[in-house]
Amino acid sequence: MADINPDFSLYHLTLKQQSGSVGSIIGNFSGLQKSQEVVIATQTSLQLWKFDKGTKAFKKALFQNAFANITNIAVYPTSSKDLILLVSDAGALTIVEYLANKNKFHTLKNEIFYKTGVRRTSPIEYIASDLRGRAVMLGAIERTKLVFTILQNGESNLVHVNSPIEMNRSDVLTFDMKAMDTGLENPIFATIETEYSSPTQKLLNYYEFDLGLNHVMLLESETIRHSSNHIIPVPGGVHGPSGIFLCSEGMIQYKCPFKPTHYVPIPTRAGNSNLRSFIVASVVHKMKNGFFCLAQNQFGDIFKIIIDFLSPQERSFDIMDERESGPGMVTSITVKYFDTIPVCKSLLILKSGFLLADCEAGDRHVYQFEKLGDGDDNEWNSQDYPDELSVMEEEVKNLVFETKSLENIVLVNSNTMLHPMVEMKLSDGDFINNLPELYSLTGSKANSAVKILHNSIQLSEIVTQDLPSKILGAFTTRIHNSDDYDKFIILSFFDGSIILRIGDEVEEAENSGFIDTITTLNIQQIGDSSIVQIHATGFKQVFYDTHDEPVKSLDWNPPPNVEVLSSSCTNTQVVLGLSNGDVVYFQTLEDNTLCENKVHKEFNSSIIGVVIGDIPQGKKFAPFIVVTCKDCTLHVLSTDPRHMLETTTVEKLESVASSLLITTFCSRGSVDGTLTTFVHVGLRNGNYMRYSVLEDGTLVSMKKKFILHAPLRLFPVKVTNKNREVTTLTLINSKISFIVVPEDHGDIKLISLPMPEKFIEPEEEDENENDEVAEYAKIYGCIAPLHSADVPQGLLLTHAGRLTIASIPELNVVDTSGEGCQDAVINTLRSMENIESINLRYTPRACIEHEKTKMTYIACADTQIASSSNDRGDPGADEITLYHTEENDELLKFQQCGYPTSPDSSASCIHVFSSEKGAIGQTIELTNNEGAYRAGIATMERNGDIGDYLFVTTIANFRSPSDYKNTFVRVYQILEDGSLDFVYKQEFPKPVLAIHPFQGLVLFGFGDELGLYQLGKLQLLRKGGLKMDSYEIKDIVDIKSSGFRVFVSDIRTSVYVFTYDSTRNKFSLTFDDMIYRHVTRSVVLDHDTIMLGDKFGTITTLRNNDNPKLGLLSSFYIGDTITSLMKKQIGIGGEEVVVYGGINGTIGSLHTLKTVKEINFFKELEKLIRNTLDENGDFLIERDVLKFRSYYVPRRACIDGDLVELFLDMPDEMREKISSMMERPTALIDKRIVEMRSRVGY
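Residue numbering for the sequence shown follows full-length UniProt numbering, starting at 1 and increasing by one per position.
Honestly, the hints are just simulated from the structure, not real lab data. Keep in mind the model is a prediction, meaning the values are calculated, not measured. Treat the hints with care, since some could be wrong.
Here are the simulated DSSO-like pairs of lysine-lysine, each with C-alpha atoms no more than 30 Å apart in a straight line [stated by the list, open to error]:
hint : residue 1 : residue 2
1    : K917      : K854
2    : K102      : K56
3    : K749      : K1167
4    : K758      : K705
5    : K371      : K351
6    : K1217     : K102
7    : K1127     : K1231
8    : K705      : K1231
9    : K53       : K286
10   : K59       : K304
11   : K34       : K56
12   : K102      : K1167
13   : K1095     : K345
14   : K704      : K1128
15   : K1095     : K1157
16   : K1095     : K16
17   : K1095     : K990
18   : K56       : K371
19   : K345      : K304
20   : K16       : K704
21   : K259      : K59
22   : K749      : K1163
23   : K703      : K16
24   : K722      : K59
25   : K104      : K115
26   : K852      : K1023
27   : K619      : K703
28   : K749      : K630
29   : K749      : K703
30   : K1095     : K115
Here are the in silico distance ranges between beta carbons for each label pair [to be verified]:
hint : residue 1 : residue 2 : range
31   : N381      : K115      : 43 to 51 Å
32   : N274      : P386      : 24 to 32 Å
33   : K758      : H226      : 21 to 29 Å
34   : L975      : D1178     : 57 to 65 Å
35   : Q298      : D52       : 29 to 37 Å
The C-beta atom is built at its ideal place from N, Cα and C for all residues, glycine as well.
Make a model of the complete structure from these sequences and hints.
What follows is the structure, encoded as structure tokens:
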């Protein structure tokens, strides 16, 4: 039962899932012919990705939360499809099937073999699957190895896992494990191991699994080089000679039981000839007439390994003398340089000729093979190296190769990833003129970047044109109903209209048939071959011939002194709202002419707007007209001839409406294509409302969302595919413009449009513009859809006196996805990510935002590389200042191959980044092997002037946390434009890892010492502090404050709360934590409450309860090392929440539930969902969710929103079951979940 009176509870929701992978595999998981999918496992989830050869797009098709820590993944082949093998901290071997018809992962078997958790003896570190699906070996780091056999019933897809066979060896450490390709012989698993008794010696062990005896034995063991680290299986059977490539420092060996060994060196990159290569990733690709292997070293260089053998082996292992030859005997192996790409976790080759690079840090790339590297480049052959000694004694000059630009492969696609996320910030948005945006520091070395997560749709500018005056309206239209594309663009001004004809070029039409001396209110294609132009004094219907020339026209005018205020049209209908309060309705006759209906509808209040919806399929006319009046009423009128213009529904609005729109959507998942019609209402008070319309015209299911404190205008955005299917989206236009994404369960999700400033070059801005004109230029005036041959999915955007034509590249998928237009649009918008990357010079270490100038200062540093600017400036200078125009071109050359290595050097810089402009304006390159690792800002007094100062911690000759030469704090003054001016630097005894402003001074945390400093003329002056070794504090990593209370966080011993007595200039301990926590970040929620994130992935809330020990309020396990914590409002109409970021790219939020009723509701709902999914076996891994969320500390006072949201996608029978137990209707539960999502996220 839920608590009757809980006093505190949080609601957790993951906003962006992890991107850092544990492993990735490729196979035919769907069972469809010639299909290949990629499955990527992150620490806590499983994802399925698909590659489109036509568009070269690599997209995520499925995400499923595992609620467990996945440690490895492998492919298990069967006769019909490939299965997925997972090992995790659940202590189970999980066999997963992908159900293509349901687009979900289904667990076939969870075979429990060990206790939960991650231990060095847990056999969950390695997984090796026999290529023919006969056996699977699991291995631990120490001692434990298990072999499973899996039997499958092909008809029922049921699998049976036999009891594991143990092959445990005490005091043995395992470094790698792979399954060999032995053809039809017994499976053999090769491992690299070392024994405790001989720690400097490694062994290559072959374990054979005898299928007949059901027994595992050690087939052979041989001593190998101590630097051996990687095994690459070689194809066997009819494909190759079997065996393995054993990779070690600077050398690759071919090995196979009872066969001769071949040796070949790994080439060395020019400039790094003193550093030997290690292979860290590899892939073997089979072709019809052979195979090849690609192996990548720690610098990103890829080598092609070619093996020459006499003929396909007939038997697995023929015992031969080295002088003899026979079937399967290897004659030589050859290594040659292939290309260089970022260092990868996994390399996968698709049969369609593409290489997927799952990078260790940064984006995921897709490359297309141009060549197979069979040119005349240098190569190294094992025939020149008879033994290991000959390889090691080879002169370095004979092993050198030059890196080059991509030659054999070409980059065709990149997926933006956020791992490793070192830091994350949330820019402030006023929710009037701009929205908050998340930006994170990711990547490593030359591939580091600031990733800005725009909550906006990506627009590609085609052209922006200045126009003579302010645009009042923009319209596009076809001429004939059968036209595939728009033929006219009509721009309306206060004194006339401009008509543009769309052809090979867009030019002004000479003979359009339209009136160009009036202000156009609306345009619509009518019937087969006519267009209606609506204006204040009536309308004109123009008819066209087959050559698009006007042949006749028809005019209609209202009574004298009456004007048309609003209008709406379909292909067969026109409805007008007149200034005298009448609604006039027209329908087309058989000759397509518009005929006025004799029945007028009169309203006692001024008409604000009228709208008529889409025509239902199989019908000729739309069934309803919606009218809104100045008296805050909303009327639904019927177009049924029997009840013409009769009112079916009247709704009272909370404010005067400013705009109306009707859209129709097919209910997702409906078999019979049930249509739902929505009425959208934009109010003058900034609220957006949406109603569903029943067949009788009744308005139901009202949803409301506050957008902005400004009137809202609604525009239709029509998306059309090549089959002429049309999907109409709602666009809300105000100071910020949004597209409404149709969501199930009544959710209202908004995606903003980029601000108009994006389409204005800085040099185009007119400094003489008055404030009103400048403000108008920052918002869109009118928006209209455009569909042409050159711009399939486009928009016309007007802002001030400018017209921009832009395309929406993401929506071009409607012509290639194979889905219906509506499904393609909705799926694209729901999964769309608009992430902008700004390159950094080195690995980011810390950042701090300056609120006044909206600048962010990013500290970057790398060790063992040469600075990219060591040839600039004065050789004796302490730093070099660069600007973005100088550095961008230089940085590009290091993107592919990285920086030159230099073991005793460091490279570091400080970037000045503008989050508003999305660009780096200033870069300060540090010299003297100093690396910048922490940063902080404080407002302080110096020489009688108060200013803002940036403090940057630098470490000279950094090798490890305990091995460095000197550590300093560099002080910079922040100028009015946000740029930095160096003041001085001061040496400290230990690295300053925490910097925080405090009472006009600055607090430094270094080692076990807290210091309070002020700015002196020539150096920092210590004003107070405290030595904390008596409190068991060793390394202060974070400082926060509230008033005179200081929260000091230690990397090992949690948080300590000190009170500063200004009269005595003394810090005294007030509270501390009850247990040790390895804190990485903290955020103060109020004067008595602090939230902590630790390196093991737990977020904890502590509060002072008038007790010497802080009380535990909440604890929740995330599954990712916390690198960011902040308290801000993130969503439109949402509330202030705590936003966190994780090292693997996780972004989530935590929100305080307001009432006891709300807490009890979600507690009970979460419990029922958890029990229902557990009873039905619907969890991916049989891991108790409560135990998972209580990984190190029992979960307390936090609702698992990720689990709660599974309710929305459950089968109907399960939803009904839970609803009945909750004693609430399903729709109400959906509504509560959706409301909570809007409060805590985007």
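Hint check results:
At most 30 Å may separate the alpha-carbon atoms for a hinted pair to count; K917 and K854 meet this at roughly 10 Å. A distance of roughly 25 Å separates the Cα atoms of K102 and K56; the hinted pair therefore holds under the 30 Å criterion. Restraint check for K749 and K1167: satisfied, since their Cα atoms lie roughly 27 Å apart, inside the 30 Å limit. Taken as a hint, the K758 and K705 pair is honoured in the structure, with Cα atoms around 27 Å apart against an allowance of 30 Å.
For the suggested pair K371 and K351, the alpha carbons sit about 15 Å apart, so the restraint of at most 30 Å is met. Between the alpha carbons of K1217 and K102 the distance comes to roughly 21 Å, so the proposed pair stays at or under 30 Å and holds. Proposed proximity of K1127 and K1231 is supported: the alpha carbons are some 26 Å apart, at most 30 Å. About 13 Å separates the Cα atoms of K705 and K1231, which keeps this hinted pair within 30 Å; it holds.
Among the hinted pairs, K53 with K286 is consistent with the structure: their alpha-carbon atoms are about 20 Å apart, no more than 30 Å. Between K59 and K304 the CA atoms are separated by roughly 28 Å; this keeps the pair inside 30 Å, and the hint holds. Taking the CA atoms of K34 and K56, the gap is about 17 Å. The hint holds against a cut of 30 Å. Distance check on the hinted pair: K102 and K1167 sit about 26 Å apart at the alpha-carbon level, within 30 Å; holds.
A distance of roughly 22 Å separates the Cα atoms of K1095 and K345; the hinted pair therefore holds under the 30 Å criterion. Distance check on the hinted pair: K704 and K1128 sit about 23 Å apart at the alpha-carbon level, within 30 Å; holds. Our distance criterion of 30 Å between C-alpha atoms is broken by K1095 and K1157, whose separation comes to about 34 Å. Straight-line distance between C-alpha atoms of K1095 and K16 comes to about 19 Å, which keeps the hinted pair within the 30 Å bound.
The straight-line distance between the Cα atoms of K1095 and K990 is roughly 22 Å, inside the 30 Å bound, and the hint therefore holds. Taking the CA atoms of K56 and K371, the gap is about 18 Å. The hint holds against a cut of 30 Å. Proximity of K345 to K304 is assessed by CA-CA distance (about 18 Å); at most 30 Å being required, the pair is judged to hold. Between K16 and K704 the alpha-carbon distance is near 25 Å, which keeps this suggested pair within the 30 Å criterion.
Our distance criterion of 30 Å between C-alpha atoms is broken by K259 and K59, whose separation comes to about 44 Å. Note on K749 and K1163: the hinted pairing holds, with a Cα-Cα distance of about 25 Å set against a maximum of 30 Å. Pair hint K703 plus K16 holds up; C-alpha atoms about 26 Å apart against a cutoff of 30 Å. For the proposed pair K722 and K59, the alpha carbon gap of about 22 Å is at most 30 Å, so the pair holds.
For the given pair, K104 sits about 28 Å from K115 by alpha-carbon distance, which is consistent with the 30 Å threshold. Distance hint between K852 and K1023 is fulfilled; the C-alpha atoms sit about 27 Å from each other, no more than 30 Å. About 28 Å separates the Cα atoms of K619 and K703, which keeps this hinted pair within 30 Å; it holds. Taking the CA atoms of K749 and K630, the gap is about 28 Å. The hint holds against a cut of 30 Å.
A C-alpha spacing of about 12 Å is found between K749 and K703, which places the hinted pair at or below 30 Å, so the restraint holds. Among the hinted pairs, K1095 with K115 is consistent with the structure: their alpha-carbon atoms are about 23 Å apart, no more than 30 Å. At roughly 50 Å, the beta-carbon separation of N381 and K115 lies within the given 43 to 51 Å, and the hint holds. Between N274 and P386 the beta carbons are some 26 Å apart, a value that agrees with the proposed interval 24 to 32 Å.
For the pair K758 and H226, the beta carbons lie near 57 Å from each other, so the given range of 21 to 29 Å is not met. Between L975 and D1178 the C-beta distance comes to about 58 Å, which sits within the given range of 57 to 65 Å. Taken as a hint, the range 29 to 37 Å holds for the pair Q298 and D52, whose Cβ atoms sit roughly 32 Å apart.
The structure is inconsistent with the numbered hints 15, 21 and 33, although it conforms to all the rest.
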